[in-house]
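Participant: Okay, here's what each chain looks like letter by letter:
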Amino acid sequence: MEPIIKIENVTKKFPEGEGEFVALKNINLEFQEGEFSGIVGPSGSGKTTLLNIIGSLDQPSSGNAWVMDKNVAELSHKESAQLRNLHLGFIFQVYNLLPVYTVFENVEFALLLQNKSKEERRKAVMQALEWVGLENIPDKKPSKLSGGEGQRVAIARAMVKEPKIVLADEPTANLDATNAHAIIQTMKKLNEELGTTFLFSTHDEKVMQYLNRIIHLKGGEVEKDEIITAQNQKS
Amino acid sequence: MKLAFQLAYRNLVGAGLRTWLNVGILAFTFIVIIFFNGYLDGWNLQAQRESVKWEYGNGQLRHQDYDPLDPFTLTDAHGKLASAKSENLSPILIRQASLYPEGRMISVLMKGIDGNQQSLSIPTEAFQETDAEIPAVIGQRMAKSNSLKVGDKILLRWRDKNGTFDASEITIVKIFDSDVSSIDLGQIWIPIEKLWEMTELKGHATYFIANEHYQHQEISGWKFFSKEELLKQLKEIIEMKSASSSILYLLLLGIALLAIFDTQVLSIFRRQKEIGTYIALGMTRWQVVKLFTIEGSMYSLMASVLGILIGAPIFWYFASNGIGMPEYVTEEDMGITIAQRIYPAFSFGLLLGTLALVVISATIVSFLPSRKIAKIDPVDALKGKVQ
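These protein sequence lines are chains A and B, in that order.
If you number the first sequence the way our numbering does, the last residue is 1010 and the count never jumps.
If you number the second sequence the way our numbering does, the last residue is 388 and the count never jumps.
Be aware that one or more of the hints could be misleading.
Using 20 Å as the maximum straight-line C-alpha spacing, the simulated SDA-like pairs for lysine to any residue come out as follows [what the hints assert, rightly or not]:
#1 Lys788/A to Val380/B
#2 Lys788/A to Asn839/A
#3 Lys386/B to Ala260/B
#4 Lys845/A to Glu808/A
#5 Lys891/A to Ala16/B
#6 Lys916/A to Thr20/B
#7 Lys916/A to Gln7/B
#8 Lys891/A to Leu4/B
#9 Lys384/B to Phe796/A
#10 Lys386/B to Gln868/A
#11 Lys376/B to Gln857/A
#12 Lys891/A to Thr877/A
#13 Lys386/B to Lys916/A
#14 Lys376/B to Gln834/A
#15 Lys993/A to Gly819/A
#16 Lys853/A to Leu307/B
#17 Lys54/B to Ile184/B
#18 Lys54/B to Val380/B
#19 Lys3/B to Gln889/A
#20 Lys964/A to Met983/A
#21 Lys891/A to Ala5/B
#22 Lys274/B to Tyr876/A
#23 Lys919/A to Ala16/B
#24 Lys919/A to Gly15/B
I should point out that these hints are in silico values taken from the structure, not numbers from a laboratory.
So here's chain B without its partners, still in its complex pose:
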């Protein structure tokens, strides 16, 4: 085997430009595959991290009637928990309301959240730093779409638990910047005590956010969704995007492999006297097949080394500086949490996996034409008469 590698290496280096063309295209493919996958992995990790940080916490204990995708459930999907059971849980109550910025009417979700909570990154400490009657924090998207800024007072109308309309002014005390638009657009966050008071639903919550110490036990009327369950959908969407992107790099890999296949076929045809000489000098046919196959797979090994040499600074640069997303690309367009800057994640597993994919596929396409050598008549090969 060592001999075959030694000879294959000599042959490839001796073949000059032909080798470097194949190695070049394969190295390019290697870089593209790693870059795309690293980009998607980075996006996935960021999306998961941001979703946990801003929306999911360590899991959600939802009222059994609450369906986040069905706003009609909001009216009745709320309840109380015994204080013993609400340990390590932070309540969130959701009610529908209308907001009147500059005379326009906007339907919003009014979300009550504990000012002292630590489970989510929503800046609820701002509630304590103001003496506004109803302080509210909103996200940047909500602020931008409605031209709202800190200090603005806007009329809010809501119904209490009996369905009676009430209205009051809220004051924007903080605008937060989050990559998770599902806690931002069309939503205002106010102190839950205030919301209980406004709606006469003292102690009620639509769902609870669990912190890292929470140990779930079955609670009648409530359903717990772990962090992993909540992230499942997100992961599935990323996997789907990853599968569709893989078509592109598989095409690229296909082109590179076709180049190797073509080189091998041409090589066997052009180098038939050489093949005959190898056999005359004492190599078995299968040793020659092995030599040609290893030559083919060595393209991929050399491409991997070249790919790492060229790719490493590129990967490092983008992993450190991220890739800016155009402003018009929003979570609504993508259907998934997306940051304005994505930091690709290039793991060791990704490198090894790509290396294995490139080397194994190059070895297979090299072997396919090479195995024909086993049937070559050495006398015809020496005369250059193999068709």
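Extracted from the complex, chain A is given alone in its bound form:
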């Protein structure tokens, strides 16, 4: 089966003072559709950089990153925006909800970009809010939400367009243990029910318990690529 994500000799360098900082060194990875995987490692190991390249928010300095058969390194701004709009969902550490919009409008945003009809949007948004258990507060503003609620809105926003891949950058870093578990369980459930591929960047042990594959990054290199057996995994 063709991998949904294929990373091929990817290196990413950033200018630093007179020289340059190598964030990723010759990375080779493949992810199959429906995986619930995580990239773990200490700060500065290159987790977020790799996620940004897969999300076509950044481009590799060398190598290729194929996402849904599209080489991120060769996409124009418009093509990468289209890829993100149609097939990728993002969940950020600080939720990144649009502050002036309500919960409903935040979730609806991605569908507005897809020119879906009002009725289609309403139906999809309410379903996404149901998935995350927030169907009762569609009119709340982000400033009135708790941390857990905020992240669940972010999950609903990422899932509402039913993307093939969801990229979650440290999604539990700002949450307490109870909320962190609840959030990961929600995502695991969506992964199982909808077959969406989830790729996390994390160093949170609570998240790792649920993953079926863990890629350990250190100093920009893959240190270990670990498949977690069902017995070791929390469900």
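Take the given structure of chain A and dock chain B to it, following the hints.
Facilitator: Below, chain B without anything else, positioned relative to chain A:
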């Protein structure tokens, strides 16, 4: 585009006070620009209407030697027209004279005008309603400056065509009120037949006033000035005043636009995570530029709506009741016909023109900082690291 407007509207309404401050100052500018221009348009229209009504008629056929700005031309600038050619024309003869109210001597222009004329609003019908030997009508300014009133008899001295002095008493039969001081100050209007008799210049005129039926054909020794030509100078003066007033409202508009520019710059800096999120959610950079630009121009659209809502009753009030001019502001001070009450004219064109000016300039100043978004790295924006 619809989406950008929809999102921009949500963002602006969601931004609360910041939006309303910008909209408020822009609406104020919108009202001031319309008010000033409406005031000048009203003044212009009134000045033109009054000048046509009291002085220019439908045009003037002037003796070729007559120069209204050179009193030395008055002695010889007069002549006769064949009666066939004087159809639809009303003669006016100007001679210099001296008036002696209460023993003082004042130089005046003695203007003979047909008692039956209909081309000007000068109340010449008063000549027929009196049996005075030499009836005269004068303007309010002339009456006020010389303490004259209806019924007063004053000694008038003039020269006939041979230069011989003659004198007689005139009787003030009517005092008219006109906004056009150039037919009032230092002037007396008497029946032209009487003036012909007094000066032995039977049938002569310095110029003729054309009525609306007059069709001009070249006449040797005479030069025709159409109503439009006569009003040209007046229009130029108003345009000059309009240009100088525009400095004020352009300054005001500049301040409002600076506020929008500043808001946009600050917005891009403060909302960089939001910009990064838009891009992550699938917007192209140029869609985000468009969104921010439309947000900026929507300030002006909202300001226009607010400006019309607040301004409409103000404009209506002043258009109906006029704006009183202080008594000390005279035509001599302003160099142009000015009424004691000016009624501003707010045309549809003025509203549309101002709307276009405000919206286009707001869009430009919104676009200038917004286009920088096109160069923003979305990863830096998401981290809030854009400087």
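Participant: So, for every hint listed, does it hold in this structure?
Facilitator: Going down the list of hints, with the structure as the test:
{"no.": "1", "hint": "Lys788/A to Val380/B", "in the structure": "14 Å, holds"}
{"no.": "2", "hint": "Lys788/A to Asn839/A", "in the structure": "14 Å, holds"}
{"no.": "3", "hint": "Lys386/B to Ala260/B", "in the structure": "25 Å, violated"}
{"no.": "4", "hint": "Lys845/A to Glu808/A", "in the structure": "15 Å, holds"}
{"no.": "5", "hint": "Lys891/A to Ala16/B", "in the structure": "26 Å, violated"}
{"no.": "6", "hint": "Lys916/A to Thr20/B", "in the structure": "18 Å, holds"}
{"no.": "7", "hint": "Lys916/A to Gln7/B", "in the structure": "18 Å, holds"}
{"no.": "8", "hint": "Lys891/A to Leu4/B", "in the structure": "11 Å, holds"}
{"no.": "9", "hint": "Lys384/B to Phe796/A", "in the structure": "18 Å, holds"}
{"no.": "10", "hint": "Lys386/B to Gln868/A", "in the structure": "16 Å, holds"}
{"no.": "11", "hint": "Lys376/B to Gln857/A", "in the structure": "18 Å, holds"}
{"no.": "12", "hint": "Lys891/A to Thr877/A", "in the structure": "19 Å, holds"}
{"no.": "13", "hint": "Lys386/B to Lys916/A", "in the structure": "25 Å, violated"}
{"no.": "14", "hint": "Lys376/B to Gln834/A", "in the structure": "15 Å, holds"}
{"no.": "15", "hint": "Lys993/A to Gly819/A", "in the structure": "8 Å, holds"}
{"no.": "16", "hint": "Lys853/A to Leu307/B", "in the structure": "37 Å, violated"}
{"no.": "17", "hint": "Lys54/B to Ile184/B", "in the structure": "11 Å, holds"}
{"no.": "18", "hint": "Lys54/B to Val380/B", "in the structure": "73 Å, violated"}
{"no.": "19", "hint": "Lys3/B to Gln889/A", "in the structure": "13 Å, holds"}
{"no.": "20", "hint": "Lys964/A to Met983/A", "in the structure": "15 Å, holds"}
{"no.": "21", "hint": "Lys891/A to Ala5/B", "in the structure": "15 Å, holds"}
{"no.": "22", "hint": "Lys274/B to Tyr876/A", "in the structure": "15 Å, holds"}
{"no.": "23", "hint": "Lys919/A to Ala16/B", "in the structure": "16 Å, holds"}
{"no.": "24", "hint": "Lys919/A to Gly15/B", "in the structure": "14 Å, holds"}
Of the numbered hints stated above, those contradicted by the structure are hints 3, 5, 13, 16, 18, listed in ascending order.
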